[in-house]
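Engineer: So the sequences go chain by chain: F and H.
Residues in the first sequence are numbered from 284 upward in steps of one, following this note's numbering.
Residues in the second sequence are numbered from 284 upward in steps of one, following this note's numbering.
Keep in mind that the hints were calculated from the coordinates and are not lab data.
Copies of the same chain look alike in the list, so a pair counts if it fits in one copy or across any two.
Dumping the calculated SDA-like pairs for lysine to any residue here, alpha-carbon to alpha-carbon at most 25 Å: (1) LYS547 x TYR317; (2) LYS474 x HIS489; (3) LYS547 x SER316; (4) LYS358 x GLU403; (5) LYS559 x ALA461; (6) LYS559 x ASP720; (7) LYS559 x SER522; (8) LYS474 x ALA461; (9) LYS358 x GLU612; (10) LYS559 x PRO582; (11) LYS547 x ASN314; (12) LYS474 x PRO582; (13) LYS559 x ILE718; (14) LYS338 x ASP352; (15) LYS547 x GLU313; (16) LYS559 x GLY462; (17) LYS559 x LEU463.
2 protein chains.
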Amino acid sequence: MSQERQRSPVRIGLLGCGVVGGGVLRLLNENRSYLELRVGAPLEVRHVLVRDPKKPRVAECRAEWVTTDPEVIFKDEQVDLVVEVMGGETPAHSYLQRAIAAGKGVVSANKLLIAKHGPELVQSAISRRVDLAFEASVGGGIPIIRTLREALASDSVSNVHAILNGTCNYILTRMRDAGLGFDQALAEAQKLGYAEADPTLDVDGHDAAQKLVVISMLAFDARIDPAAVHVEGIRTIDSIDFRFAERFGFTVKHLGIGHERGEKLELRVHPALISKHSVLANVDGVLNAVFLNGRALGPCLLVGRGAGDMPTAVSVVADLVDVARSRLEGEPGLRTRSIQLSDRALVPRDDWEPRYYLRFDVGDHPGVVGTIASALGGEGVSIEHMVQDGRASTAGDVVPVCIVTHESREGSVRRALETISRAPFMKSPPRLIRIEDV
Amino acid sequence: MSQERQRSPVRIGLLGCGVVGGGVLRLLNENRSYLELRVGAPLEVRHVLVRDPKKPRVAECRAEWVTTDPEVIFKDEQVDLVVEVMGGETPAHSYLQRAIAAGKGVVSANKLLIAKHGPELVQSAISRRVDLAFEASVGGGIPIIRTLREALASDSVSNVHAILNGTCNYILTRMRDAGLGFDQALAEAQKLGYAEADPTLDVDGHDAAQKLVVISMLAFDARIDPAAVHVEGIRTIDSIDFRFAERFGFTVKHLGIGHERGEKLELRVHPALISKHSVLANVDGVLNAVFLNGRALGPCLLVGRGAGDMPTAVSVVADLVDVARSRLEGEPGLRTRSIQLSDRALVPRDDWEPRYYLRFDVGDHPGVVGTIASALGGEGVSIEHMVQDGRASTAGDVVPVCIVTHESREGSVRRALETISRAPFMKSPPRLIRIEDV
Chain F
284 MSQERQRSPV RIGLLGCGVV GGGVLRLLNE NRSYLELRVG APLEVRHVLV RDPKKPRVAE
344 CRAEWVTTDP EVIFKDEQVD LVVEVMGGET PAHSYLQRAI AAGKGVVSAN KLLIAKHGPE
404 LVQSAISRRV DLAFEASVGG GIPIIRTLRE ALASDSVSNV HAILNGTCNY ILTRMRDAGL
464 GFDQALAEAQ KLGYAEADPT LDVDGHDAAQ KLVVISMLAF DARIDPAAVH VEGIRTIDSI
524 DFRFAERFGF TVKHLGIGHE RGEKLELRVH PALISKHSVL ANVDGVLNAV FLNGRALGPC
584 LLVGRGAGDM PTAVSVVADL VDVARSRLEG EPGLRTRSIQ LSDRALVPRD DWEPRYYLRF
644 DVGDHPGVVG TIASALGGEG VSIEHMVQDG RASTAGDVVP VCIVTHESRE GSVRRALETI
704 SRAPFMKSPP RLIRIEDV
Chain H
284 MSQERQRSPV RIGLLGCGVV GGGVLRLLNE NRSYLELRVG APLEVRHVLV RDPKKPRVAE
344 CRAEWVTTDP EVIFKDEQVD LVVEVMGGET PAHSYLQRAI AAGKGVVSAN KLLIAKHGPE
404 LVQSAISRRV DLAFEASVGG GIPIIRTLRE ALASDSVSNV HAILNGTCNY ILTRMRDAGL
464 GFDQALAEAQ KLGYAEADPT LDVDGHDAAQ KLVVISMLAF DARIDPAAVH VEGIRTIDSI
524 DFRFAERFGF TVKHLGIGHE RGEKLELRVH PALISKHSVL ANVDGVLNAV FLNGRALGPC
584 LLVGRGAGDM PTAVSVVADL VDVARSRLEG EPGLRTRSIQ LSDRALVPRD DWEPRYYLRF
644 DVGDHPGVVG TIASALGGEG VSIEHMVQDG RASTAGDVVP VCIVTHESRE GSVRRALETI
704 SRAPFMKSPP RLIRIEDV
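For reference, chain F alone in the conformation it holds in the complex:
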C-alpha cells in the first residue's frame, strides 16, 4: 500500500452538538492536516444531529450538515463512524445500537450509557465487527482507557484508587483549605459552575460509581451492574473530620476503589482518609485522578481535568483517530474485541478489611472511652490511635472521641458501632470513614 495513495475520507456522523460536540468540530477543523497524516485519510463530517436546528452553533458547524433525523445518519452508507456526544440514556442507547447494527464504528462520551450498557454495546460491536471507543466517557481528558487498553496490554491491574468526581473534590478541597462547611463549599461550587443546581448525582457518589464501573471493564475485565456498587457521598463529612484527619497525618478524598481479591472484586465509592504524603493528596480542586497498580508496571497515576468541553473533545478526537484507523486497516473491531468481559462477584461489604477512622460525639459520662474500646475489642477490632479532645465541662457538652483502627473486617466494625450507638452517652450516630493506603 503506497503512502501517497489517495485514501477516500472517513466520514463522520455526529450525534449532538452541545459544548463537547462543538469542541470536537473545532478540533477536527484546527488539526485537519495533522489528523489526516495520523489517520492516513481525511476525516470528514457529514451529518450533525441536533434537537433544535435554530439554536446557534459553533462556526465550524456547517448548516448543510445539520439534521434532526437520526435515520439520515444510520441509513447513510457513506457514514463510517458515529460520534455520540449527546449524553443521557435515552435515546442515546438506541442510537448507538442502531449505529453498531448498521456496521458503523462508534465513539461515545456517555458515561451513564457505557456504565449501564457498555458490556452489551461492546458485545454487539464485537459481533458486528466494529469498534466502540469510550475514552471520553470517564475522566474527561485523562487518557485512562487508552492506558489500560494499550500501555498495559501485557500487564494486569491489581487495584485502582481514583478521584473521579470534580465536584466532590472541589468541595472537599475547600472544606480543608478554607475551613468551609459542606453547605458553604457546595454553594461556592454551584456559583462557580462546578456543581449542578441539583448536585445529587455528584455529591452522593453516583457519578463516581458509574466511572468506576467503566474503569473496571478495562482494568478488571469485569461486567458490573452500577447499582451493585456500594456508594457513599460526601454529605456526612464534617469540618471536624478534616481537623482530626490532619492531626493523624491524613487528608480526606472521595474515592472510587477497586481491588482484585482472587476471583472476586472489591468495588466501593466513598470518602476516605489518605496519607497527606500520598500522590493523591495534592490532587485538588476539580482535578480527577486514577492511581492504579499494574502487576508488572507497578504504580501508575494519571491526573487531569475530569470534565469540561475541550478536555473531553480531545479524548473524543483521539478515539476517533483510533476507530478510523481500525476501519482503514480493513480490520474494524480489532481494538474492541480485546475487551473480554465476564461477570465478577463483588466482595460483600462485611468482608472488606481496611483501616477505619471512627468518630463518636459523646456526653460527659464516666467510662466512655472504656465502653467504646471494649465494644471494639469485643468484636476483634484493634485500636491504633485514640484521641479525646478535652472533656465535657457540663452535662450538655459534646466531646468528640476519635479512633483510628488497625485493619479490621467491616462486619465486625459495624457490629461494634451498633453496640456503641445504644450507649447513653452517645449524642449522635458514630461516624465511620475508611482509611486507604495509597
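Dock chain H against chain F, hints included.
Structural biologist: Relative to the frame of chain F, chain H by itself:
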C-alpha cells in the same frame, strides 16, 4: 478481511537479553493469547542477540533463538520487527540503522540513542516506511510518548515540568524527610541499588536532559541537541535549602522543564523549588512524573516508575503491539510519519524569567542586607520575601540570608549576584535555585 482468517505470525528479533529483554520475553510468553487477540496475529520470537551465549538467561529464552551475530537478524527476511534493549550508543545505533534499512519495524528502549540520534532514526524510518517506537526510552513504565502521540493527537503542548530521574528524586526525598546531607543520601541510594557506583549521569542531570530531549520531540516537534540543553544537577543542594524551602511553602525537586515561547523553546534541567501543594510535590522516592499542559486538554500529570526491568518491559511490549499492528495494516510507518521534527532555537539563559530563591552566607558586617537588596534592585530584580536567620555573634560566624524574588530575567539576577559575590561579607558563592509555578 475476516476476523477468523489465520494471520501469519509477526516475527521478532530481540537485540539484548539483560533484565529488560528477559522481562519482554516473560511478558510475551505470559500474555501470548491476549496479545495475539490485540495484534490480530501471533507474536513470535525468532532470534535473541546476546554478547555471551553462555550467560544464564530467563527460562523463556529458548536456546535455539540465541545468536551472537547481528547479521543473522537483519538478513532474515522473516523478521518483521527488531526490539533493541541492549542500551548504549555503540553498536546499538548502527544496529537500528541496519534494521530500518532492512525494512524492519523497530522498538527501542534506548534513551541515550533516541536523545542523540532519534531525529535521524525517525527520518530514516519515515523514508523506509517502517515504524520506530520508543516509549520505553523515557520514563520506564510511564505512558508519556503514547499520551503525547495519541491522546493529544488534536492538541498541542504549551509546557512540561517533569521529574525524570529516580536517583535524584530519591536523594532529594531523603534529604527532605530524613534530614540527610547529599553525600549520605547518595550513599544510601547506592546501597539500595537506586544509584550507580558512578552516579554522575544521574545526579548531574544528564540522564534527565536526555529524557527531556526525547519528550520535546513529541511535545514540541523539536529536534534538539542534548548538549545544547542547560543542565544542573543536585550536588549543590544543601540541607539548609530544604529548611528555607519549607518555611516559604516549597519543596525541592529536580526538574526537566520545557516551555514553548513563541517560535523558541525554553529547555532546562535543574533543581527547582515548587509549592508543597503542587501535584508534583508528593511524587517521592524513585517515582518519575511528567506534568504537561495541553492547550485544549489543560493540565495532565503522569506518574510511575521511571526505571526497572518490568515497567520498562511493559512499555516495550505495548510498543511492539503497535508496530506489529502497523505492519499488519499494510501501512507500516503510519505511526512514525506523524512525528514531524524541526530545529527550534532555545531561549538563551539570560532571557529566562522565573522567580528565584537566593541564599547568601554572610558574615557579621553592618549593612549586609542593604547591600544585597541594592545590588538586586539596581538590576531591576524585585524582592518578594527576605529572611535573615539570627545574627552572627562573632566575626567568624556565618548567617544565611535567603531571598525569594519576583519574576526576573536571569541575566539581571546573575549580574546582581556577581556584584554581591565581590562584597567582603560573602563567605561562599551565592546559591540560586529557580522557583517553578507547577
